[in-house]
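Starting from the known structure of chain B, arrange chains V and S on it as the hints suggest.
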Amino acid sequence: MTVTENPRRYKYVGTRPVRHDGLDKVTGKARFAADLDMTGQLRGAFVRSPHAHARIVSIDTSRAEAMPGVKAVVTGDDFADLDPTHPEFDMAVNLMARGEALYNGHVVAAVAAVTASQAAAAAAAVEVEYEPLPAVLTIDEAIAVSAPIANPTNRTLFSGDTEPSNLASVNEFGRGDVEAGFEAADIILEREFRTVAVHQGYIEPHACVADCGQDGKATIWASSQGHFAVRSKTAAALGWSTDRIKVIPAEIGGGFGGKTTIYLEPVAVLLSQKAARPVKIVMSREEVLRATGPAPATKITAKIGATNDGEITTLQSTMYFDNGSTKGFSALTGAMSVASYKLPNLQLHAIGTVSNTARSAAYRAPSAPQAAFAVETLIDELAQRLNMDPIDIRLQNAVVEGDATAMGAPHPKIGFVETLEAIKNSEHYNSPVPEGAGRGVGTGFWFNIGEQSSATVNLNEDGTATVITGSPDIGGSRASMALMAAEELGLAVDRITPIIADTESVGFTDITEGSRATFATGMAVVNACRELIGQLKQRAATIKNVDVEQVEWVDGAAVIEGQDPLTIPEITAMAKNTGGPLTATASLNAAGAGPSFAVHVADVVVDEETGETTILRYTAAQDAGTAIHPSYVEGQIQGGSVQGIGWALNEEYIYDSDGVMENASFLDYRMPVASDLPMIDAIIVEVPNPSHPYGVRGVGETGIVPPIPTLANAIAAATGVRMTSLPMSPPRLLAAISGNAGS
Amino acid sequence: MRYAAPTTVDEALELLRSDPDSRVFAGATDLIPQIRAGRPEPALLIDLKRIERLVAVSHNNGTWTVGAATPTAALTADTEFSATFPGLSEASGLIGSDQIQNRSSWGGNLCNASPAADSVPALIVNDATAVIAGNSGERTASVADVVTGPGQTSLSDGEFIIEFLVNDPPANSSDAYLRLIPRTEMDIAVVGAAVQLTMDGDTVASARVALGAVAPTFVRVPDAEAALVGSSLNNGTLDDGTLDAVAAAASAACNPIDDKRGTIQYRRQVAGVLAKRAAQTAAQRAQGAS
Amino acid sequence: MPRTHVNCTVNGDEVDFLSADDTSLLNALRDELGLIGAKEGCGTGDCGACTILVDGRVNCACLMFAPEAEGTSITTVEGIAQGDHLHPLQQTFLEGAALQCGVCTPGFLVSAKALLDENSNPTETEIRFALAGNLCRCTGYDKIIRAVQEAAVQVNGASK
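Protein chains in written order, with our numbering: chain B, 7 to 749; chain V, 628 to 917; chain S, 127 to 286.
It is possible that some hints are incorrect.
To be verified - Here are the computed lysine to any residue pairs in the SDA-like style, where the Cα-Cα straight-line distance is at most 25 angstroms:
1. 35(B) with 201(S)
2. 35(B) with 276(S)
3. 887(V) with 731(B)
4. 35(B) with 207(S)
5. 676(V) with 212(S)
6. 35(B) with 159(S)
7. 676(V) with 207(S)
8. 887(V) with 745(B)
9. 35(B) with 182(S)
10. 676(V) with 180(S)
11. 77(B) with 628(V)
12. 35(B) with 143(S)
13. 348(B) with 428(B)
14. 887(V) with 741(B)
15. 35(B) with 250(S)
16. 676(V) with 135(S)
17. 676(V) with 198(S)
18. 887(V) with 659(B)
19. 676(V) with 137(S)
20. 676(V) with 142(S)
21. 887(V) with 613(B)
22. 35(B) with 180(S)
23. 887(V) with 428(B)
24. 676(V) with 133(S)
25. 77(B) with 663(V)
26. 887(V) with 662(B)
27. 676(V) with 147(S)
28. 35(B) with 140(S)
29. 35(B) with 209(S)
30. 676(V) with 143(S)
31. 35(B) with 198(S)
32. 676(V) with 181(S)
33. 77(B) with 158(S)
34. 35(B) with 212(S)
Derived by calculation from the structure, the hints in this document are not laboratory data.
Bound-form chain B, shown alone (with noise of 0.2 angstroms):
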């Protein structure tokens, strides 16, 4: 069943072989979190705020408890108070309001009922009493004067202030003399992008089951990005100890960073508790959106200066990111991915607010495609103004290795020219565009992260593998574990089982984010590899008869000068005479994440009458430094591009005046369904990163990055007009090509 394509220097590494759970997501086997059901089992229910912003004077519990079928109620006053400057401080003031509603949609209580309608029902008939307070639900209301305080327990991150604020964080970086810059330009530019606020719109709402014990533990099945991170923030909500929680990974469907944070967890534990039962909660999809992680709306300007033969002299820009009900990095993220070019002159100013709106997630690439948003169209119009090629633009001002970042530190080695390049010398670049239609690029950079990861690797008696890793698979990681093990081990890959093990049956492993999974946790599956080719040979040596210096390991087997290879299953079979079953552990905390870059081109009609935009044709080349399993790379982009079209054109949060989302739902939240795009032809470029035995770059997320100013782009250029606000939707777009909007 493998599709083989050039292996090229490998053996299995950038083959394409089917995945290992491949089978049972066709048949409707796979297991997610709503999937999973337990003897005796209860369903949970929230009582949510229908406030934007109110103190919560009392909370009467007494008729719901009477309720048919109900077993449990519990409300703020039955978690752990953290201390403010706990790490976990503001997920567990998102889980359970205490003293205020912060947002509509924050829950206030939670009911478990022998049903889901008697659990509904009994939510229904929870009393809370509020006394509404003012809101704060844009950017612009947070940073007014005399602005009403959204979230009392907010204090400015690293500021030593005490009072509470509406500013999450203030940070200011960059380098050089943005004045002497701007002196230094022949043409300066400067406009001011708005963004609203999206969501990661994950097929799978939020799930789990909990089930605790008489003794004071807990089993949850959850749909996470991490189990170890459901285990340490649900001890931290409840203020007990992570001994006293397994959580065993169910698989995950969509995450995007929205599942990196939990909102159900502690509370089905505590229900679990009082009542002794299990307990499962399903989050509706209403609820998902509603009062789940949207990424945060912007306020950016931006001005840029450049010479006339495009040298790029200066950049400043002022960011603001609105984190929803609590503090969060979301400002400091967004300026930190302003790093694609040579920027002698640079200050960046990026500032958090805080509102009475649903607490922002992370979502792919956080922030960083609302800064591409301004800094991409800036750097288009440059071109355009100056009369050159918008990638020539970009290649003469590339970073490459060695030049700065935002914060400053070097680039490591990266593959921003390469895959401007790629683009340059495609086939859709180099076509001519299609009558009455606008040709837009845009680019985008993703840093990734390393982080904690460990794996285990087991050779069962017959010579076949089981490699185990704590990193959920959320788009084909475990194959990509497979295929690294298989080309160390020297073993074929339908003969390794990658498993995702629970917290207590594998080391620690950190959240799967930052596009660290097939970088860090392949790394460590990698060095448990080697360390088990080191026990192999230490067999064969026994075996033989031989000192070990005179084994080597090629190619899946033991090779001793003037003897016959031993293969693993040789060596396996002997196990139990040279020393026991073989295995190996390791683990790291990953350094040298490689920065992944990606550029988009996009061809677009707008129809100037009613503002619809049709995508014709669309490419993406990113670097993936080495590509474990090509199709999952190709994944990864075109998913993330199709999800940057989706925010470009038509994803909003609509609030009302009293903040109230009016478009909770999959029909008018609108993600791009399949008759909205064409092909979405993906370009794997390849500079290999020098920090892992592959060269692998996360690929996860770059994707999302260039697609909002690629069609932005190709918008102007089908059009004449800028758009800048999202989404370029047509009642939009259309008001801004008859110019009754300001745009």
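Quick look at chains V and S alone, frame taken from chain B:
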């Protein structure tokens, strides 16, 4: 909630009488999401799809009789029907995905009484009639008179629509329906425009224009119809003056709202665009029709 | 709470179950019959993750009351393979990497099967519109469309 599936009209009427808190449904594609959102919470759900007349389609003596619960997928798959009423077929086929198409029906689309219902402007320009069952027997009403406001119909308690009657159009007639949605599928119309017209040679002899999603109810546009009558089709196109007049009349007929799906300004502007484009298509089709 | 006794055929087997009258067919399939392949992504017919065939036609199981299944023949993703032979679509989805998280996959497979049952040689546009009622957030649809195209080739090859 109780569920009942009567097999005759009389049985359904009796069930409706038996519980004032009952609700008839066909595909339930609007009803189930509404129930999930907590409005309404009927005590008795009456499924009309097991009544033969409600899902029967026939064509006799120049009249199409279409059961009110007939899945729209059955209509779009009917080649004779679709050739006779291409616009009405298109409008019916635009109600949701393929999954929805196997459940959605004219009766449900009309009685849900959303001014954005796709099939209704096309039924109105084809002068369709609804046959309504009630306790005092059957009555008929023009489809144009059924919806009286968002979520409101002229049906009395205890009444439901059995079937629709649509007469074959005169020779040299055709229709067209266009709608604007932000995506290409799965959305509710931001604006919908239906045009039906009859040609006499190159000249438009008669025309009907109706709009959806631009006012609390569906809107006929007599000024656009007047602009079309007497205009002529040259090389497949109506002249710019006529099209501009149709667009202007359609825009003027709108009484829209700003909401999450579109703005007043946008709806007005696009109603004109779609009306003129639908008129153009209908005229081309009518000239090609025998 | 009134419960109705429902008799129907599911994946070729005659089955019966008891269901509250306002329960969705999706919940009945999952909770009463243990068929967890169809998923609830939205509960409003907007994502297609619960797509099943009812008498051969695609439906969102979340948009049907369970008693409506009386007398019908239902196919879920669990029923599209022929014994130990995967349906060509299941095979091309696997080989073409047309799934990432896999939660939308059952619905896509059922919708695509309905398309190929009716039209074994669809154009790309026909495939895209036939699958427009199914949301996928991981793949950008590209590999799904290609997998359906490839399955169509196989289906046509088999029928020749």
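Checklist entry - If you draw a straight line from the CA of residue 676(V) to the CA of residue 133(S), is it 25 angstroms or shorter? => result Given pair residue 676(V), residue 133(S) holds - Cα atoms ~17 angstroms apart, limit 25 angstroms.
Item to check | residue 35(B) paired with residue 182(S) [C-alpha distance capped at 25 angstroms] | outcome: holds, 22 angstroms
Checklist entry - When you check the alpha-carbon spacing of residue 887(V) and residue 745(B), does it fall within 25 angstroms? => result Answer holds: residue 887(V) to residue 745(B) is near 21 angstroms, not above 25 angstroms.
Next on the checklist: Does residue 212(S) sit within 25 angstroms of residue 35(B), going by the straight-line distance between their CA atoms?
Outcome noted: Holds - the C-alpha atoms of residue 212(S) and residue 35(B) are around 13 angstroms apart, at most 25 angstroms.
Checklist entry - Does the structure keep residue 676(V) and residue 181(S) at a Cα separation of 25 angstroms or less? => result holds, 14 angstroms
Item to check | Pair hint outcome, residue 676(V) versus residue 207(S) [Cα-Cα no greater than 25 angstroms] | outcome: Measuring from Cα to Cα gives roughly 31 angstroms; hence the hint is violated.
Next on the checklist: Does residue 428(B) sit within 25 angstroms of residue 348(B), going by the straight-line distance between their CA atoms?
Outcome noted: With a Cα-Cα distance of about 20 angstroms, the restraint between residue 348(B) and residue 428(B) holds, given a limit of 25 angstroms.
Item to check | Restraint check for residue 77(B) with residue 663(V), where alpha carbons must lie at most 25 angstroms apart | outcome: holds, 24 angstroms
Checklist entry - Within a Cα-Cα threshold of 25 angstroms, do residue 77(B) and residue 628(V) meet the stated pairing? => result holds, 24 angstroms
Item to check | Pair hint outcome, residue 35(B) versus residue 276(S) [Cα-Cα no greater than 25 angstroms] | outcome: Since the Cα atoms of residue 35(B) and residue 276(S) sit roughly 24 angstroms apart, the hinted pair holds (cutoff 25 angstroms).
Next on the checklist: Hint check: residue 676(V) vs residue 143(S), CA-CA at most 25 angstroms. Holds or violated?
Outcome noted: Roughly 21 angstroms between the alpha carbons, so the hint for residue 676(V) and residue 143(S) holds.
Checklist entry - If you draw a straight line from the CA of residue 887(V) to the CA of residue 731(B), is it 25 angstroms or shorter? => result Within the cut-off at roughly 17 angstroms; holds.
Hints 5, 7, 15, 23 from the list above are not met by this structure, while the remaining hints are.
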